[in-house]
Every structure is written in structure tokens, then in C-alpha cells.
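Q: Given only the sequences and the hints, what does the whole structure look like? Please build it.
Protein sequence lines, in the order shown, are assigned to chains A and B.
At position 126 of the first sequence (counting the first as 1) the number is 126 in the working numbering, and the numbers step up by one without a gap.
At position 100 of the second sequence (counting the first as 1) the number is 1100 in the working numbering, and the numbers step up by one without a gap.
Hints in this document: simulated from the structure, not taken from any laboratory.
Ideal placement from N, C-alpha and C gives every residue a C-beta, glycine not left out.
Hints may be right or wrong, so weigh each one.
Under the rule of at most 35 Å between Cα atoms (straight-line distance), these lysine-lysine pairs were calculated in the DSBU-like manner [claimed, not checked]:
#	chain 1	residue 1	chain 2	residue 2
1	A	K92	A	K116
2	B	K1300	A	K10
3	B	K1073	B	K1183
4	B	K1328	A	K40
Rough simulated footprint, nothing fancy, chain A against chain B, three-plus residues with beta-carbon under 8 Å [claimed, not checked]:
#	segment
5	1118-1131
6	1158-1168
7	1194-1204
8	1252-1262
9	1320-1330
Letter by letter, the chains look like this.
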Amino acid sequence: MKKEEIPQDKSSLEDKNIRELCYAVDENGEYTTGLSTGWKAKSIALDLTMQELNERIEKAKKAVYNNKKSPIYYFMLRSKMDISILASYIEKRRWIVKRHFKPRVFKRLKPETLQKYADIFEINVDQITNFNE
Amino acid sequence: MNKIDFNHRQSAHCENGVAANIIKYNGIDITEPLVFGMGSGLFFVYIPFLRVNQAPAISYRPMPGSIFARTSKKLNVKIKRKRFKSIEKSFKALDENLEKGIPTGLQVGVYHLPYLPDEYRFHFNAHNILVYGKEGEDYLISDPTMETPSKISKNQLAKARFTKGVFAPKGHMYYPVSMPLEKDVNFEKAILSGVKKTTRDMLAPPYFVGVNGIEFVAKRILKWRKKEGAKRTNHYLMQIIRMQEEIGTGGGGFRFIYAAFLQQASEILNKPEWFEFSHELTAIGDQWRDFALQSARIAKNRNKEEDAYHEISATLSEIAKKERAFFKNLKKTL
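A: This is the structure in C-alpha cells:
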């Protein structure tokens, strides 16, 4: 990559005023560094990944309203977690966390457990018990 | 309160960056590419049985921490590492270091860093930052992948230091306790052994490592397309591109940083042929960029035609072929 070819495309880095460092060669063929505001190939990859995640979150929301999944499942996805990550935060086995996704089991969860989940998701317990997303 | 007179230098990758900055602060002039090359940072591995974010795991670098560990070992820099069970104790130890004027490296989770854009905040726990001071209850942070230093509250930093999941940092902090003098460092030896390991890694026999791994993924793309359909294949491809370009690789899956390393090394070792090798690797890096761009276009246009996948598979195959020749020739110069 030549220094003048370092991409300066629009990207989400802009919102936070971030530019990232790239390595590139100058006119004498010597390596130097330059800053990039973003590259379209990367933005596409990131956008599509986020899009897919959002689709899964939307699906999870519907499942909660249809009483197929508990709010725990929805908030797990919204926090970009999977079962293993959530299990290590709540310090329980994966299969126990998986059971908490069942509305039937979820209804019987202790207030302490719900509070723990709320803290992990950085929300109020209310948002879990009175699901209204 | 206390603030260490510390020079923030931006780098492409966090681990090289913290290593280079911490070593430079302690008196040995070193750059990011040198740290990366001595620590044999260039790598490729495809781990079929491990899934990350619902896609096969691919990495362009060795295990987190290994670049820094190898480089400091070769330079004879002794690093003290501490992990904690208690958050309070972890901050007491950090504060004590800052009182003594020691810039301290921390392993943190990316998800809890407020200065990053939302899209970048995933549950990745092996990010590295340096703390160089405290202002009231806020900590002064030099995140080497950022243009400027940042400030972060104790509360937020506690979350980042004690994230859970794979590579959970457990408050991991590190700092050098003994440094050699710059004149006593054998840069030549460190560079040669670093390059030797990289050529060995990239030419390793297993089918999923190094150039074999690249070749294997090239073939896999066609298999994914056939067996799992275009949508999933695109998802896998996007994951590959993010690993290659997003996570602070300096572009082209670290190829450009390594090419920069070869240039700097060619001067230190007086090996003019490595300058040519550097140019060759730059060209290969450009091809990696083409691969990323082609793949992104397919995914964006939802192009389902098999021809398009044959094309990117061929590009990747060619990269593998070129890199095989490249590392074989590089090995001959050692």
C-alpha cells in the first residue's frame, strides 16, 4: 500500500473522532505510517456483522413476546454475549443459564438472581420483569 | 494528582504498541515493527473446531501475550505480571505503581472501553492499554491504538479489568522490573531468531497453520458456498475480513507491519536483500487487501453466483502460493 492510497472512507470511527494507524510506503519505497478514517471493505464487514446481530436481536424480541423465550435471552444477545460469556458472568453452568431462557423457569427465578442478571446487562430489574422493549 | 511524564505513541496493534511504548519509556529505543518481528507476530491459523461469533475461528496472529513475552525475553527485559481476585487489591497495586512513577500495562476487555465506537465493542478480553497517571478518581490511559490518550473512571476501568469469558484478564497488570542497557542488547540475534521462528511457523506442516492454512481456507470457501449456502459463507468471509483488517493489524493481516520490520531489520543487520523482500511482502499485502475488498463486495451485493466465490478462492490460493515461495526464500537468507 502506498502512503497516498491509505483509505480515507467514511466509517463509524468518525463518531468518536478516531483515526487508525496504517503502515504504507512513501515515494522512495520506504515504510512510514499514516492515519486512516476508515476503509469501505472494513465498514461493509462490520455493518453486515452488526446487521446480522440486529436481526437476531429482533427475532429474540418476538420470541419473548410470543412466550417462547425469556427476556434473559433477549438481553444476552443485546449485550453481544453468548451463553458461555453470560455463564461466566453469572457464575453458573451453561445448562442452567440455558434453562433460564425458558419462560416457565424464568418466572420462578429468585429476585437476587434477576438482580444479578440486571447488573450484568447494566439495566434495571424492572426492564427484565416488565419486558417492554 | 500524580502523572508520569509519558510519551503516547500510536501504533496499529495494541500488544506491539504497549510493548514498544513501555520498553522505549525504560530506555531502549524500539519501534512497533521491531517488537512485532522479534516476537514473531506474523502467523496464520484456522481452527475448524473453534467457533467465534458463529463462524470458524481464524487468526492472523499468535496467542495474545506471546508477542510481548517473546520480545521481552529476547531483549532480556524482565516483566512482572500480577493477577487478582479482589478488585480493591488490584487498584491498590496499580495506584502504588503510579505513585512510584511506573507506567503500567493492563489487560482489559474491549467491551467496557467507553472511548470506542459501539460497533467495535465486542467481548474480546485480550486488549492492552497503559496507565500513566491518575486525576482524582479517573485514570489516564494510553491506548496505543488511539491517536490521543484518554481518561477513564475507576468504575469503568474496574469493569474492563474484570471482564469474564475467554481470556478473562482477572485484573492482569504488568510492568518491567529489570531492563538491560541499550548497548547490551543484541538486536541482531533477536531479529534473526524472530524471523527464523516466523518462517518455521508459516511453513509448518499441519494443514491448518501458516501457508497451508491459507490454502485450506481458500478451498473451504468453495465448500462453504456449496454446503452452507451464500448467506453463511458471506458471514464467515466477513469474520475473516474483520480479523484481517479490523483488529489493529495495520492493514493486510499484519503483512505491512512485517514488511516495515524487514526494512528496519535490513538496516540493522546490513542485509540489503531484505529491503527487496519487504517490497515483495508489500505486494502480497496489497493482494490481501484485494481479497478483502472482493469479499466485501460479494457480501454487500448479496451476489450468489458461484463464479464470484471461485474468484476469491483463487485470489487466496495465489496468496498462499506466493507466501510459500516468499517464506522459503526468506529462510534461505538466514
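Q: Hints first: check each against the structure and report whether it holds.
A: Status of each hint after checking the structure:
1. Taken as a hint, the K92 of chain A and K116 of chain A pair is honoured in the structure, with Cα atoms around 11 Å apart against an allowance of 35 Å.
2. Between K1300 of chain B and K10 of chain A the alpha-carbon distance is near 16 Å, which keeps this suggested pair within the 35 Å criterion.
3. Between K1073 of chain B and K1183 of chain B the CA atoms are separated by roughly 16 Å; this keeps the pair inside 35 Å, and the hint holds.
4. A threshold of 35 Å between alpha carbons decides the hint, and for K1328 of chain B with K40 of chain A the separation of about 34 Å falls inside it, so the pair holds.
5. Given a C-beta distance limit of less than 8 Å, the hint that chain A covers the segment 1118-1131 of chain B holds, as 6 residues qualify and 3 suffice.
6. Check result for the segment 1158-1168 of chain B against chain A: holds, 4 residues qualifying (beta carbon to beta carbon below 8 Å, three or more required).
7. Remark: the segment 1194-1204 of chain B is not confirmed as covered by chain A, as 0 of its residues place a Cβ nearer than 8 Å to a Cβ of that chain, below the required three.
8. Remark: the segment 1252-1262 of chain B is confirmed as covered by chain A, as 5 of its residues place a Cβ nearer than 8 Å to a Cβ of that chain, reaching the required three.
9. Counting residues of the segment 1320-1330 of chain B whose beta carbon lies closer than 8 Å to any beta carbon of chain A gives 0, which falls below the threshold of three, so the coverage claim is violated.
Figure legend: structure checked against the earlier numbered hints; hints not met, in rising order: 7, 9.
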